[in-house]
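Novice: Each chain, written out:
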Amino acid sequence: MTEAAPRLVARDRPDLILGDHGLCPGCGEPLALRILLEVLEELDIVRRSVGVVGHGCYGSFVQIMDVEVLQCLHGRAPSCATGIKRVRPGTVVFTMQGDGDMVNEGLQEVLHTAARGENVTCVLLNNGVFGDTGGHQTATTVVGQRTKTSLDGRDPETHGYPIPLAELVASLAGVCYVARGAVSSAGGVARTKRMLRSAFEHQLAGDGFGLVEILTMCPTGWFVPAGSGPQYLTSSLEAAYPLGELPLRGQP
Amino acid sequence: MTAATARQLHDGCAAITESAIAAGCRFFAGYPISPFTGLLENMSRRLPEAGGHCLNAESEIEAVNMALGASAAGARAATGSCGQGLALMQEAIAELALNELPLVIFNMARNQQDYFQATRGGGWGDYRTLTLAPKDVPEAVEHTQLLFHLADRYRAPVMLYGDPLIAQTHVSVDVAARDFGPLPAKDWALDGSSGGTGHSRQIWTWAMGKATEPGPGPDGHWRAVAAKFDEIAGTEARSETYRADDAETLVVAFGSAALFVEHVVDELRADGHRVGLFRPVTLWPFPGDDLAAATRNASRVLVFELNAGQMLDDVRQFTHDRGAVRFIGGVSIHASGLSFGPLLDVGPIRERILEAAA
Amino acid sequence: MSRGTVSIDVERCKDCDLCVQACPPKVLEMSAEVNEMGYRFPVLHDGCTGCTACQLVCPDYVFQVYRFDVAPDEPHPPGQAAAPDG
Numbered sequence: 029m030t031e032a033a034p035r036l037v038a039r040d041r042p043d044l045i046l047g048d049h050g051l052c053p054g055c056g057e058p059l060a061l062r063i064l065l066e067v068l069e070e071l072d073i074v075r076r077s078v079g080v081v082g083h084g085c086y087g088s089f090v091q092i093m094d095v096e097v098l099q100c101l102h103g104r105a106p107s108c109a110t111g112i113k114r115v116r117p118g119t120v121v122f123t124m125q126g127d128g129d130m131v132n133e134g135l136q137e138v139l140h141t142a143a144r145g146e147n148v149t150c151v152l153l154n155n156g157v158f159g160d161t162g163g164h165q166t167a168t169t170v171v172g173q174r175t176k177t178s179l180d181g182r183d184p185e186t187h188g189y190p191i192p193l194a195e196l197v198a199s200l201a202g203v204c205y206v207a208r209g210a211v212s213s214a215g216g217v218a219r220t221k222r223m224l225r226s227a228f229e230h231q232l233a234g235d236g237f238g239l240v241e242i243l244t245m246c247p248t249g250w251f252v253p254a255g256s257g258p259q260y261l262t263s264s265l266e267a268a269y270p271l272g273e274l275p276l277r278g279q280p
Numbered sequence: 388m389t390a391a392t393a394r395q396l397h398d399g400c401a402a403i404t405e406s407a408i409a410a411g412c413r414f415f416a417g418y419p420i421s422p423f424t425g426l427l428e429n430m431s432r433r434l435p436e437a438g439g440h441c442l443n444a445e446s447e448i449e450a451v452n453m454a455l456g457a458s459a460a461g462a463r464a465a466t467g468s469c470g471q472g473l474a475l476m477q478e479a480i481a482e483l484a485l486n487e488l489p490l491v492i493f494n495m496a497r498n499q500q501d502y503f504q505a506t507r508g509g510g511w512g513d514y515r516t517l518t519l520a521p522k523d524v525p526e527a528v529e530h531t532q533l534l535f536h537l538a539d540r541y542r543a544p545v546m547l548y549g550d551p552l553i554a555q556t557h558v559s560v561d562v563a564a565r566d567f568g569p570l571p572a573k574d575w576a577l578d579g580s581s582g583g584t585g586h587s588r589q590i591w592t593w594a595m596g597k598a599t600e601p602g603p604g605p606d607g608h609w610r611a612v613a614a615k616f617d618e619i620a621g622t623e624a625r626s627e628t629y630r631a632d633d634a635e636t637l638v639v640a641f642g643s644a645a646l647f648v649e650h651v652v653d654e655l656r657a658d659g660h661r662v663g664l665f666r667p668v669t670l671w672p673f674p675g676d677d678l679a680a681a682t683r684n685a686s687r688v689l690v691f692e693l694n695a696g697q698m699l700d701d702v703r704q705f706t707h708d709r710g711a712v713r714f715i716g717g718v719s720i721h722a723s724g725l726s727f728g729p730l731l732d733v734g735p736i737r738e739r740i741l742e743a744a745a
Numbered sequence: 080m081s082r083g084t085v086s087i088d089v090e091r092c093k094d095c096d097l098c099v100q101a102c103p104p105k106v107l108e109m110s111a112e113v114n115e116m117g118y119r120f121p122v123l124h125d126g127c128t129g130c131t132a133c134q135l136v137c138p139d140y141v142f143q144v145y146r147f148d149v150a151p152d153e154p155h156p157p158g159q160a161a162a163p164d165g
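Protein chains in written order, with this note's numbering: chain G, 29 to 280; chain L, 388 to 745; chain S, 80 to 165.
These aren't lab readings, by the way, just hints derived from the structure by calculation. Any given hint could be a false lead.
[As the list claims (entries may be wrong)] Label pairs and their computed distance ranges (CB to CB): (1) G/GLN136 with L/THR556: 34 to 40 angstroms; (2) S/PRO104 with L/GLU600: 47 to 53 angstroms; (3) S/VAL113 with L/ASP606: 45 to 51 angstroms; (4) G/GLN136 with L/GLY602: 28 to 34 angstroms; (5) G/GLY272 with S/GLU115: 39 to 45 angstroms; (6) L/GLY509 with G/LEU71: 41 to 47 angstroms; (7) L/GLN395 with G/GLN136: 35 to 41 angstroms; (8) L/PRO601 with G/LEU71: 28 to 34 angstroms; (9) G/HIS187 with L/ALA437: 47 to 53 angstroms.
[Stated by the list, open to error] Sample of chain L residues with no beta-carbon within 12 angstroms of chain G, all distances over it, derived: (10) ARG413; (11) GLU436; (12) ASN486; (13) MET595; (14) LYS597; (15) ARG661.
Just so it is clear, the structure is predicted and the values come from calculations on it, not from any experiment. A virtual CB, placed ideally from N, CA and C, is assigned to each residue, including glycine.
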């Protein structure tokens with residue numbers, strides 16, 4: 029029997045992550061961060077990348093990501109990204125925003141940026157809740173989901189309906205890639221990473237606007253135990269927001 | 388063969404555009420709104436010809452945040468509007484100040500009612516907005532280039548307070564580039580190149596830095612920013628006087644109003660009245676020391692502005708004898724709502740000065 | 080015999096249990112003891128295939144994953160599929 033030395037097949041985290049994030053047990057956002065940074069590494073574009081980060085629990089990632097970062101106003105990342113990309117077209121520009129940031133405060137920013145076909149990549153971390161402020165309803169909170177501002181569950185009569193952001197963006201000309209992944213399983217993490225890679229490859233090719241929506245677990249905001257995050261995600265958010273690469277309409 | 392003249396006939400919006408391009412402005416974003424729209428139109432046509440980018444943004448908030456991004460990437464960038472649109476941009480103006488990002492903001496105002504907005508600011512936190520108020524198009528051309536210099540020098544948003552007369556009057560101007568001296572390189576600007584080095588650049592109002600290289604944090608950073616504005620207050624105040632040395636009655640006015648007051652001062656002087664003008668050129672920092680000196684021997688200090696009394700507060704604060712201050716301005720709006728009303732005229736101004744001096 | 084193994088940074092773990100749920104051969108189990116933060120952490124039993132599922136799902140970047148490369152003449156043990164790529 030051959031006893032080979034063990035071969036490293038997966039690192040705990042890339043060198044681009046400089047420290048611990050301090051987010052809740054079972055939070056999905058650090059998974060999105062890790063795979064995004066792995067993609068930047070694998071495409072060898074770290075030294076020409078600029079991230080524009082919004083406000084949410086993920087906002088603290090600016091302290092641990094070894095990538096140039098502009099931390100911007102709530103909702104405004106796509107506009108800031110536009111300015112950066114226009115004056116430095118050779119730079120790879122991405123945004124990292126939560127659902128409260130992108131779909132509440134910044135809905136017009138992302139739609140206009142997409143329609144303009146700005147050659148940037150927007151990343152939506154969607155957990156259907158304003159986690160950073162303590163767990164409040166957003167535009168993507170799904171019907172029946174309990175939050176501190178929808179304590180009995182989102183009720184369409186009172187709270188209206190959630191907005192499927194990826195579908196909205198996919199309906200606009202100027203958009204070259206839209207995908208929705210989920211980090212609630214090993215396969216999901218792997219598939220979401222491939223979506224991010226595709227999105228950045230499209231940016232490198234100058235194809236237009238790209239969006240990757242990533243469903244992430246927020247057990248704290250969902251009032252479930254850390255270990256129940258994936259099941260809750262699958263039964264609630266994923267039911268409202270189907271996974272996959274979205275077909276694009278509006279192409280010329 | 389004679390050298391081609393540098394003077395061209397431009398309205399204020401066109402002149403400011405040419406002046407901004409001469410200053411190296413290469414990014415502009417704006418939203419149509421009178422009387423700022425001419426600036427957006429001119430930039431839209433001319434900036435791409437100069438190798439820059441002009442975006443007709445879908446909203447004022449998007450315009451200023453696009454410009455913020457361009458500035459963060461190291462470009463000389465600008466935006467603007469009038470008071471209503473600037474009201475929407477206040478959060479971003481504060482963000483620029485606390486991020487220490489340069490930006491030139493053109494308030495092509497409809498009147499003089501945005502003085503408080505410009506000088507007190509409607510954003511969040513401790514910041515100030517260095518604001519220049521030209522009295523005519525030639526001065527607006529000069530101020531435009533000075534503002535790009537000051538924005539870069541102090542890493543802050545700065546403002547030009549224009550108005551409909553400046554925006555829409557054609558004047559022969561020289562828009563050649565002016566040199567205000569050397570500036571440090573923008574080594575803080577984002578281009579991706581420090582990524583992966585362990586020392587990647589970060590632009591963040593809270594300035595907490597990275598886990599491996601902590602920054603000053605909001606306390607240290609916001610104190611430093613406040614101290615910077617104190618420094619600017621001490622060095623960048625500007626004013627002008629006109630026939631003020633022996634004035635018994637000193638009129639204080641800014642912008643186009645001062646242009647009219649100058650003319651009235653000449654008329655009244657010809658009639659034997661000892662009248663002069665004090666004109667703040669920077670609205671912030673308000674030239675308080677200059678005003679104190681200029682009002683030392685005046686028995687009357689008359690504030691003429693087209694609003695309900697905004698600069699009045701600053702005049703009262705710094706005038707040598709507060710009891711000598713009287714307000715002779717007022718709200719006066721054109722029937723369209725988009726420009727000055729009948730008070731901005733030689734006759735009414737003359738009447739009010741004489742009435743106050745009686 | 081294990082075809083893979085993991086290193087576990089126990090002090091980073093926050094006891095979310097996602098690795099235990101994700102592990103296909105079910106060789107991870109939360110400890111009885113706690114780390115400095117007061118959280119239980121995963122302990123590895125025999126039978127790891129080095130599939131990297133735990134590393135993929137761990138929000139706190141606790142796992143490094145290794146494989147013992149099996150020699151070409153060694154048959155795969157019956158009942159174990161080849162490790163999936165991440």
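Novice: Hint by hint, say whether it matches the structure.
Specialist: Going through the hints against the structure:
1. Taken as a hint, the range 34 to 40 angstroms holds for the pair G/GLN136 and L/THR556, whose Cβ atoms sit roughly 35 angstroms apart.
2. Separated by about 42 angstroms at the C-beta atoms, S/PRO104 and L/GLU600 break the suggested range of 47 to 53 angstroms.
3. At about 35 angstroms, the beta-carbon gap between S/VAL113 and L/ASP606 misses the expected band of 45 to 51 angstroms.
4. For the hinted restraint 28 to 34 angstroms between G/GLN136 and L/GLY602, the CB-CB distance of approximately 32 angstroms keeps it satisfied.
5. Restraint check, G/GLY272 to S/GLU115: a C-beta distance of roughly 41 angstroms satisfies the suggested window 39 to 45 angstroms.
6. Roughly 42 angstroms separates the CB atoms of L/GLY509 and G/LEU71, a value that falls within the hinted 41 to 47 angstroms.
7. At about 38 angstroms, the CB distance of L/GLN395 to G/GLN136 agrees with the hint of 35 to 41 angstroms.
8. Checked against the given bound of 28 to 34 angstroms, the beta carbons of L/PRO601 and G/LEU71, roughly 30 angstroms apart, stay inside it.
9. Between G/HIS187 and L/ALA437, the C-beta spacing of about 50 angstroms keeps the proposed range 47 to 53 angstroms intact.
10. Distance to chain G contradicts L/ARG413 as a non-interface residue, since its nearest Cβ pair spans about 7 angstroms, not more than 12 angstroms.
11. Every beta carbon of chain G lies more than 12 angstroms from that of L/GLU436, the smallest distance being close to 16 angstroms; the non-interface claim holds.
12. Interface exclusion of L/ASN486 from chain G breaks down, the closest Cβ pair being 8 angstroms apart, not more than 12 angstroms.
13. Not every beta carbon of chain G lies more than 12 angstroms from that of L/MET595, the smallest distance being close to 6 angstroms; the non-interface claim is violated.
14. Under the 12 angstroms C-beta cut-off, the non-interface status given to L/LYS597 relative to chain G is violated; the minimum distance is some 5 angstroms.
15. The claim that L/ARG661 lies off the interface holds: its Cβ sits roughly 52 angstroms from the closest Cβ of chain G, which is beyond the 12 angstroms cut-off.
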